[in-house]
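Asker: Now for the letters of each chain:
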Amino acid sequence: MSRWPIALAAAAALSSPSVPAQQRALPVDALRSGLEFAGSDVRGIQADDVANPGFLWVDRGEKSWRDAAGGKSCASCHGDAAASMRGVAAHYPALDPSAGQVIDLEARINACRVRHQGAKPLARESDELLALTAYVAYQSRGMPIAASIDGAARASFERGRVLYVTRHGQMNLSCAQCHEGSWGKRLYAETISQGHGNAFPAYRLEWQTLGSLQRRIRACLFGIRAEMPRPGAPELTDLELYLAWRAQGLPLEAPGVRR
Amino acid sequence: MADSRISVAPEARRGEPFEVRISIRHPMETGYRTNESGEHVPRNVIRRFSCRYNGTPVFAVRVTSGIAANPYFRFFVTARESGALDFEWVDDAGVRGEARAEVKVV
Numbered sequence: 001m002s003r004w005p006i007a008l009a010a011a012a013a014l015s016s017p018s019v020p021a022q023q024r025a026l027p028v029d030a031l032r033s034g035l036e037f038a039g040s041d042v043r044g045i046q047a048d049d050v051a052n053p054g055f056l057w058v059d060r061g062e063k064s065w066r067d068a069a070g071g072k073s074c075a076s077c078h079g080d081a082a083a084s085m086r087g088v089a090a091h092y093p094a095l096d097p098s099a100g101q102v103i104d105l106e107a108r109i110n111a112c113r114v115r116h117q118g119a120k121p122l123a124r125e126s127d128e129l130l131a132l133t134a135y136v137a138y139q140s141r142g143m144p145i146a147a148s149i150d151g152a153a154r155a156s157f158e159r160g161r162v163l164y165v166t167r168h169g170q171m172n173l174s175c176a177q178c179h180e181g182s183w184g185k186r187l188y189a190e191t192i193s194q195g196h197g198n199a200f201p202a203y204r205l206e207w208q209t210l211g212s213l214q215r216r217i218r219a220c221l222f223g224i225r226a227e228m229p230r231p232g233a234p235e236l237t238d239l240e241l242y243l244a245w246r247a248q249g250l251p252l253e254a255p256g257v258r259r
Numbered sequence: 260m261a262d263s264r265i266s267v268a269p270e271a272r273r274g275e276p277f278e279v280r281i282s283i284r285h286p287m288e289t290g291y292r293t294n295e296s297g298e299h300v301p302r303n304v305i306r307r308f309s310c311r312y313n314g315t316p317v318f319a320v321r322v323t324s325g326i327a328a329n330p331y332f333r334f335f336v337t338a339r340e341s342g343a344l345d346f347e348w349v350d351d352a353g354v355r356g357e358a359r360a361e362v363k364v365v
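Going line by line, the protein sequences match chains G and V.
Number 104 in the numbering used here belongs to position 104 of the first sequence; there are no gaps in the numbering.
Just remember that the numbering used here sits 259 ahead of the position in the second sequence, which is counted from 1.
Chain G extracted, bound-state conformation (with noise of 0.2 Å):
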């Protein structure tokens, strides 16, 4: 008779919101960018702007940003990306109003050129995409991490923690046990990181071009041999959420570079 009580309120506790906005992962102090453990080589490279291969992708985005050939450019409602984008990045993932749901940066830029400009939305991975990603992204170098999981994205939020420290795949692993418990230690020849995505879109050498954030996510969970989301799909929204969350306070860098 006497565990039942105990029984439900650990139900409650694990179905109710348990993750107060203000609570963190990870302690401010112990926060630290994946640039901090990546070779000198590396930093070397994303603190050049011109050794920086990102940058080929940010000079593009500069350019679709004023391209007016589908009729209206970027420009022609947001004016100065400089002034206009500056710290938008670094508050998405956000939830769209108007489609009632947390989207990313991609689909922020897909969505206006769908219901704006008339275009058809850009492929996923595809070099223009990245390009005005990391052009936008671009625009918030430097400034914290800040996205809301206030109201309507709780619900993503909550559902990208969950996916967070859920185990996947053959492996048996979730991202928790690598980034949370294990980070510092070494995998391989790697040191492994705590799993931010502020470099994001990022340059790594491996790829030999840039990619995104779920680009980098898949890889991960193609490393931990699970299934891998389409890219676009909801749950991988998701954990971008809960990443930013997660890295709440660190400064973007993008364009980043990494191994």
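If you are wondering where the hints come from, they were derived from the structure by calculation, not from laboratory data.
Here a beta-carbon is modelled for each residue, glycine too, at the ideal position from N, C-alpha and C.
Check the hints yourself; a few may be wrong.
One-sided excerpt, in silico: chain V residues whose CB lies under 8 Å from chain G [claimed, not checked]:
1) ARG306
2) ARG307
3) TYR331
Label-pair distances were calculated between CB atoms; the ranges are [as the list claims (entries may be wrong)]:
4) V:ARG292 / G:ARG115: 26 to 32 Å
5) V:ALA343 / G:LEU205: 19 to 25 Å
6) G:LEU187 / V:VAL317: 41 to 47 Å
Pulled from the structure, derived: some chain G residues nowhere near chain V, Cβ distances all over 12 Å [unchecked claim]:
7) GLY39
8) ARG43
9) GLY54
10) TRP57
11) ARG60
12) LYS72
13) VAL88
14) ASP127
15) TYR164
16) VAL165
17) GLU190
18) LEU205
19) THR209
Keeping the supplied structure of chain G fixed, place chain V upon it in accordance with the hints.
Answerer: Quick look at chain V alone, frame taken from chain G:
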């Protein structure tokens, strides 16, 4: 895509070397890979990259598949007269790229 990013010091002293840096967008496909359907991806790397300073060749590289994608070159040129650096490159597909940077010699 913007094809290159160039960095040259705003002013160079006559008779002294100045630094030139350029990063070029190119996949540098090695020819050793297959695509997702298992088909061979033909080699496409930049074959030759060169730089002329007021028309005079000052730097040239025969590039091979050992160089990573989006190659980055850094070299020094001795300042003579104000003018232009002309960069030129060509890949296996025959696609040519070019870029220009102004040099101010004081």
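Asker: Taking the hints in turn, state whether each one holds.
Answerer: Hints, verified against the model:
1. ARG306: Check failed: Cβ of ARG306 of chain V comes no nearer than 19 Å to chain G, outside 8 Å.
2. ARG307: Status violated, d = 20 Å.
3. TYR331: 5 Å, holds
4. V:ARG292 / G:ARG115: 26 to 32 Å: 38 Å, violated
5. V:ALA343 / G:LEU205: 19 to 25 Å: This hint is violated: roughly 33 Å between Cβ atoms.
6. G:LEU187 / V:VAL317: 41 to 47 Å: 46 Å, holds
7. GLY39: About 16 Å separates GLY39 of chain G from the closest Cβ of chain V, which puts it past 12 Å; holds.
8. ARG43: 16 Å, holds
9. GLY54: Violated: least Cβ distance 9 Å, not greater than 12 Å.
10. TRP57: 7 Å, violated
11. ARG60: 4 Å, violated
12. LYS72: 22 Å, holds
13. VAL88: 22 Å, holds
14. ASP127: 6 Å, violated
15. TYR164: It holds; TYR164 of chain G is separated from chain V by about 29 Å at its closest Cβ, greater than 12 Å.
16. VAL165: 32 Å, holds
17. GLU190: Holds, because the least Cβ-Cβ distance between GLU190 of chain G and chain V comes to about 19 Å, which exceeds 12 Å.
18. LEU205: 8 Å, violated
19. THR209: Violated: least Cβ distance 7 Å, not greater than 12 Å.
Going through the hint list in order, the structure does not satisfy hints 1, 2, 4, 5, 9, 10, 11, 14, 18 and 19.
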